[in-house]
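Produce the complete structure using the sequences and hints provided.
These protein sequence lines are chains F and C, in that order.
Heads up, the first sequence is in the working numbering, so the first residue is 973 and it goes up one at a time.
Heads up, the second sequence is in the working numbering, so the first residue is 140 and it goes up one at a time.
Hints are not guaranteed to be accurate.
Now the in silico label distances, taken between C-beta atoms and shown as ranges [what the hints assert, rightly or not]:
#	chain 1	residue 1	chain 2	residue 2	range
1	F	K1253	C	D306	30 to 38 Å
2	C	P179	F	F986	21 to 29 Å
3	C	D306	F	L1001	31 to 39 Å
4	C	E277	F	K976	54 to 62 Å
5	C	H159	F	K1075	21 to 29 Å
6	F	V1005	C	G156	51 to 59 Å
7	C	K372	F	P1140	43 to 51 Å
8	C	H159	F	M1105	56 to 64 Å
9	C	K372	F	K1254	47 to 55 Å
10	C	C288	F	F986	36 to 44 Å
11	C	L260	F	K1254	26 to 34 Å
Just so you know, these hints were derived from the structure itself, not from any lab.
Glycine included, C-beta positions come from ideal geometry on N, C-alpha and C.
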Amino acid sequence: MIKKLVRTIEEGFFRSFMFLSTCIIIFALCLIVFSILNKGIPSLSFEMISQTPKGGFYFGREGGILNAIIGSLYLSAGATILALAISLPVALYMNIHLISRKKTVNAIRFLLDLLWGIPSIVYGAFGFSIMIMLGMKASLLAGIIVVALLIIPIMIRAMDEGFKTVPPGLTESSLSLGATKSEIAFRIFVRQCFPFIITGILLSFGRAIGDAASVLFTTGFTDRIPTSLTQQTATLPLSVFFQLSSPIPEVKNRAYAAAVILTIIVLLISILSRIISGVYKKSSIKF
Amino acid sequence: MNGPYKIRVENLNMYAGKIHILKNINIRIPKNKITVILGPSGCGKTTLMKCLNRLTDLYPEMHVTGKIFIDDEEILHARNDITRIRKRMGLLSQRPYPLPMSIYRNIAFGLKISERRKKKLLDRRIEHYLKQASLWDEVSDRLKEPASCLSIGQQQRLCLARGLAVDPDIILADEPTSALDPMSCQAIEKIFIELKHSYTIVIVTHVLRQAVRMADYVVFMYLGEVIEQGPAKEVFNNPKEEKTKSYLQGVFY
Chain F
973 MIKKLVRTIE EGFFRSFMFL STCIIIFALC LIVFSILNKG IPSLSFEMIS
1023 QTPKGGFYFG REGGILNAII GSLYLSAGAT ILALAISLPV ALYMNIHLIS
1073 RKKTVNAIRF LLDLLWGIPS IVYGAFGFSI MIMLGMKASL LAGIIVVALL
1123 IIPIMIRAMD EGFKTVPPGL TESSLSLGAT KSEIAFRIFV RQCFPFIITG
1173 ILLSFGRAIG DAASVLFTTG FTDRIPTSLT QQTATLPLSV FFQLSSPIPE
1223 VKNRAYAAAV ILTIIVLLIS ILSRIISGVY KKSSIKF
Chain C
140 MNGPYKIRVE NLNMYAGKIH ILKNINIRIP KNKITVILGP SGCGKTTLMK
190 CLNRLTDLYP EMHVTGKIFI DDEEILHARN DITRIRKRMG LLSQRPYPLP
240 MSIYRNIAFG LKISERRKKK LLDRRIEHYL KQASLWDEVS DRLKEPASCL
290 SIGQQQRLCL ARGLAVDPDI ILADEPTSAL DPMSCQAIEK IFIELKHSYT
340 IVIVTHVLRQ AVRMADYVVF MYLGEVIEQG PAKEVFNNPK EEKTKSYLQG
390 VFY
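Okay, structure coming up:
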């Protein structure tokens, strides 16, 4: 009888604990979104997204954050493309050529997870020290390379999780049709795991556009829109970071606007990734 | 059985790590007949099948010794042309593995690998192979749809058509009906009987009744050894070995 009562109390306790935790996280999320929108929406205007800051980003009261929007898009797109060119072959190699060497593959996975855990400021500092060694200045190209390094582990692991789900039977069947390993990689694995690849790409893009620390030393900040890879480039996260500390309210507003736009971009990306992977899931075979 | 042999296996041994899985296998598989490899689960039937088209290469822990001849060509140690050897053997696995693309492109996949073909010719060939696998009537109006929309039974026939499209002379079928419902199972068996005039067919199964229905030649395996082999009538009516007799009487599975 008592045992039953204890079990009921136990059940109730854990249930309410889980409920409470869920409430806290949802509340926190809503609060963040609310406070960003609350401060950001009033400062959003057409001028804000169509002009670069006038009279210096730290002191000028006029102008918007077009430099940071364009800069961030350039930087993240460049880094994502570079990372994709490296990640896809690695993920395919791990799952097709190394499939029978479980220890090697697991070692690589462990290494990638370690890299994933390294703070982005460390990537930034690493990139910065290499740039000093080579006598380079902060530039869009340097930022693209460092951010690509930052997101490569994320991208590889996202694709790897997808490729892992391909059953050995599919590989065997394809081999017995006379397909080579490269044909299996690019015509079967890529197709079967397309939703995972898209998710991996968009996830990495989201991480790339939102990261401030890795671009702090490597891309710098400027009022202008970059016209070549060797120029310094403004980014949205740094736009928030630099301008929020300004005592001038108009400059502060630019920081809030940058935060809103960044949030909207990241939100759009995750919605987009769900839609796209949903569409392509239909043509994948369920095993 | 007198007549030409298509596949000859001599002193084949297979080890997975230190475990001795196939023990000194010697079999002959007659040309353009259905050979059924029969035996209880775990006796090495599937492994033997994997040796035949060298899928064992995929797994470094699998070590194969002995000889396998196909039309007097030794295939186990010829290093450079695995793809060509594999293309001579269509493989039908326990459950269908259609490729993640449309029905049309599933068949075209093998054809295109074999050689580049013109679109019209490709269409005709695809129709031909789908008809051979008696799938054409069911899918002719939705060739562009993904293969994932087919039922399991249809997928298995699609895999058969896809295998035939590579133009093999041997069909290896590893318990091809074990995942299928009785209707699809019947369809597959019927296709095999039609196909045996132009292909050498090897079927692995543990279902005795299926073996009786289809076999021209039977190889009975038990615990990694070939216990008995011969023409189906002889083996089923007058088994020489005790173990074969017990299996036929349903003593063990």
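Going down the list of hints, with the structure as the test:
1. Between F:K1253 and C:D306 the C-beta distance comes to about 33 Å, which sits within the given range of 30 to 38 Å.
2. The supplied range of 21 to 29 Å is broken by C:P179 and F:F986, whose beta-carbon atoms lie about 48 Å from each other.
3. Under the hint 31 to 39 Å, the C-beta atoms of C:D306 and F:L1001, about 59 Å apart, miss the expected range.
4. Range check, C:E277 to F:K976: about 58 Å between beta-carbon atoms, so the 54 to 62 Å window is met.
5. Between C:H159 and F:K1075, the C-beta spacing of about 24 Å keeps the proposed range 21 to 29 Å intact.
6. Look at F:V1005 against C:G156: about 56 Å separates their beta carbons, and that is inside 51 to 59 Å.
7. Evaluation of the 43 to 51 Å hint for C:K372 and F:P1140 yields a failure: the beta carbon distance comes to about 38 Å.
8. Restraint check, C:H159 to F:M1105: a C-beta distance of roughly 58 Å satisfies the suggested window 56 to 64 Å.
9. For the pair C:K372 and F:K1254, the beta carbons lie near 50 Å from each other, so the given range of 47 to 55 Å is met.
10. For C:C288 and F:F986, the hinted distance range of 36 to 44 Å is satisfied, since their beta carbons lie about 43 Å from each other.
11. Taking the beta carbon of each, C:L260 and F:K1254 are about 30 Å apart, inside 26 to 34 Å as hinted.
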